[in-house]
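Single-letter residue listing:
Number of protein chains: 2
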Amino acid sequence: MQDLLNKIDRLLKEKKFFEVKNIVKDENAADLAVLFDELFGEVFGEKTEFMILFRLLPKDLAAETFAQMKSDMQSHLIQMFSDKEIRDILDESFIDDTVDIIEEMPANVVSRILKNSTTGERKAINEILRYPKDSAGSIMTIEYVSLHKDMTVSEAFEKIRKVGVNKETIYTCYVTENRKLIGVITVKDLFMADEDDKIADIMETHIISVDTLEDKEIVGHMFRKYDFLALPVVDKDNRLVGIVTFDDAMDVIQDENTEDFSKMAAIAPNEESYFRTGIFKHAKSRIVWLLILMISATITQIITNRYEAAFAAVPLLVSFMPMIMDTGGNCGAQSSTLIIRGIALDEIHFSDFFKVVFKEFRISIIVSSVLAVVNGVRIYIMYQHKCDYPFMLALTIALSIIATVILSKVIGSMLPMLAKKCRLDPAIMATPLITTIVDCCSLFLYFNIATIVFSHIGIL
Amino acid sequence: MQDLLNKIDRLLKEKKFFEVKNIVKDENAADLAVLFDELFGEVFGEKTEFMILFRLLPKDLAAETFAQMKSDMQSHLIQMFSDKEIRDILDESFIDDTVDIIEEMPANVVSRILKNSTTGERKAINEILRYPKDSAGSIMTIEYVSLHKDMTVSEAFEKIRKVGVNKETIYTCYVTENRKLIGVITVKDLFMADEDDKIADIMETHIISVDTLEDKEIVGHMFRKYDFLALPVVDKDNRLVGIVTFDDAMDVIQDENTEDFSKMAAIAPNEESYFRTGIFKHAKSRIVWLLILMISATITQIITNRYEAAFAAVPLLVSFMPMIMDTGGNCGAQSSTLIIRGIALDEIHFSDFFKVVFKEFRISIIVSSVLAVVNGVRIYIMYQHKCDYPFMLALTIALSIIATVILSKVIGSMLPMLAKKCRLDPAIMATPLITTIVDCCSLFLYFNIATIVFSHIGIL
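Chains A and B supply the protein sequences, listed in that same order.
At position 26 of the first sequence (counting the first as 1) the number is 26 in UniProt numbering, and the numbers step up by one without a gap.
At position 444 of the second sequence (counting the first as 1) the number is 444 in UniProt numbering, and the numbers step up by one without a gap.
Hints should not be assumed to be uniformly reliable.
Just so you know, same-sequence chains aren't split out, so a pair can sit in one copy or run between any two.
PhoX-like mimics (lysine-lysine), calculated; alpha carbons at most 20 Å apart, straight line [stated by the list, open to error]:
(1) Lys188 <-> Lys162
(2) Lys225 <-> Lys25
(3) Lys281 <-> Lys355
(4) Lys359 <-> Lys281
(5) Lys188 <-> Lys59
(6) Lys167 <-> Lys188
(7) Lys159 <-> Lys188
Calculated from the structure, these hints are not laboratory results.
My request is simple: use the sequences and hints to build the entire structure.
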């Protein structure tokens, strides 16, 4: 990649455009998009070579490369395009890619795009744009191959040949009657059939489709489950309005994962990549949760305040606070992460509530016993000559660990399911929030256990 | 789904097998696999109806459904199959699905499968099995359509028709010469060409392929980037040995994500689903990291011990420990999660080290200033009548927050990149480990700042 980059850079500077043209025409659009990005880096606005390079691409490759570029690059290019160039790009683009581009552009760029599109394109773009942000309708394309049930296989092939070049996928075709979806047939099925077979006789009539308003996350699940190349999108009356293709579904799955990772680390999700987000935007997306968590830590602070007598009498107790808190946080994080992931993969549902909590309870008994024994022994050995009550200290810590682990695993498993039930995203019930809640509870348990143990031997 | 389940259950009990047969033959294999799973739940071993139901499926659908089942169900079924049934399933299955099944089965089941496969199948299975666990070779299939460069388009169509039924995808065909991969052509290209065109003239020769030993994670990246339906897998001499199809790539992407979620919550990754994993296995996969983190918390404990004088003089300092620790942990988690995700998506590389650390440094200045001001004011107001030195307390906390946030964001961004550089999985440098490291540093800073501030006014 770096070699190609240097070569093209050099050839452009030497104005050997013909050679550049010959090199780039064989490249893949995804690679070219990366190349444009790398070539001009963050200061590309000041250079003009990328405009020359873009104009050296064959029309179809130019449109494909354009669709794969980052949105700031696209917006920059459009502003430098002539109206004719915009029309050429639109001609060669799939409608769903155009919609993706439009959604990211500033208003003046959008109006230039719409001005240069045909009436048909404009209608199609508006059609998709009117669906809610995360719906199946918003990620679909309206360019599919539709067949008629009375066609023969060879007529179907003819139609695919004729209309296929402009369709995003030709491998799954849809049979409609009065715009209603009545069958699905793949090109493979067509190949395996006889030339004179009627479509009606060989099409699949047990159709799996999604509603235009279905959450795109569900669409992602369906692609994972069924391994489809494309999924038909229908309206309330079962009229076919578009299809979602597997590459868009893959993007949805990846975006959902990234969003979950962000939320689980208490960051407001952001659709731009790390480097393309400015530091103020980064700061803003992190501050909100940090403030909420910090203020809620006030409760922990008040609880700790109430046990001043305990750590005044046994100052050693303070030094075990971090370990108790961290263990609770980590245990809660483990449970909540597994449950959040299980919910995201559609493996765990609210109906499993008691099954899950009971399972986590049993796991926490095993985990806490091991941790309690290992730590009890470690503390007893460490403090047997340094402190007057090594056994009581070890006992306090061991009991606190058991209580903390059980509590944190149970809380950690319950909250994501409850969030789902309340129609909140389970991912917010992840490590940061769980840690804060668990800290509060674990310190309360710890100081109470310590008070009981040490008052038993008359120290408190 | 539940309706269908009840209906089939009832019909089976009434022995109306013909009706059942008619219902299930139109269902999708993925749905049937779920149905088998639900129908017999965790105690399916005791029922025999599922064997009857399985035998009511048409051969090809039975094989497809079998491939989609969970591995314990598969193993159970195989043990009840006759040799002929095993042969039928193998005949109808794709080799890569068979390999997936074999990898999960106990030895006695594997030997029954191999005994009932043809010499060709056995050779193909062993071919795939010998590639390392996470390599491209291990997830490929060897069933692809290969064409000759001198064929015409219509000859190519004829070949696809003849061999296609047994191939996992027919939509991308591969042109080979002496087993070397010299071109790729899609069925769409074939449709758009003339019947007499030579394959050599219309095939794509700028081929994107992967090596058999390439990490499957890279294969997942390539599918995301290029939106391919299939990717050719070649050996060192550019000989075509197989293809990876998009559905397997989707599984890889999802598995990698699940693995990252687990590792980031300090859980040893586990390929089984939550419910299918026993409580002892769950406990085992969580205990190791908890123990490591707990023992490392000893350092924090020793540090805290050294500042006994500080919190003996100003006991209020203890109650702010949780807030300082949690804020550090949360800030570190935010940075490390973003960097880990950036690395996983191939957006952040080690060469960006200083760029990333500098960016996080600047972000941390903004974030820490806001948090410090909000908390400083809050603490001053809360304690102005309750304590003799509210301003000094607020100042100590505010300064500690600034130091902690900057430190944790810088550490949180550095460690994942360093892990990557050392060929470790960046995901282990996530919340739990970062929290432990940051706790240690933040308490050290906190107590030092407190000592300086309070000794300034003569309290310490």
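Exercise for the section: First find the shortest C-alpha distance between Lys188 and Lys59 inside one copy, then the shortest across copies, and answer within, between, both or neither for a cut-off of 20 Å. Expected result: Intra 30 Å, inter 19 Å, cutoff 20 Å: inter-copy only.
Exercise for the section: Could you place Lys359 and Lys281 in one of the four classes (within, between, both, neither) given a Cα distance threshold of 20 Å? Expected result: Answer is between; shortest inter-copy Cα gap is 12 Å, intra-copy 41 Å.
Handout entry: Intra- versus inter-copy proximity for Lys355 and Lys281 (alpha-carbon distance at most 20 Å)
Key = between (41 Å within a copy, 17 Å between copies)
Practice task
If the cutoff is 20 Å on CA atoms, where do Lys159 and Lys188 land: within, between, both or neither? Let me know, please.
Solution key: both (16 Å within a copy, 13 Å between copies)
Problem - Copy assignment of Lys188 with Lys162, given that the CA separation must stay at most 20 Å - result: both (18 Å within a copy, 11 Å between copies)
Handout entry: Within, between, both or neither: Lys167, Lys188 at alpha-carbon 20 Å
Key = both (17 Å within a copy, 10 Å between copies)
Exercise for the section: Check Lys225 against Lys25 for me: Cα-Cα at most 20 Å, and say if that holds within a copy, between copies, both or neither. Expected result: between (37 Å within a copy, 19 Å between copies)
The earlier numbered hints are all upheld by this structure, with none contradicted.
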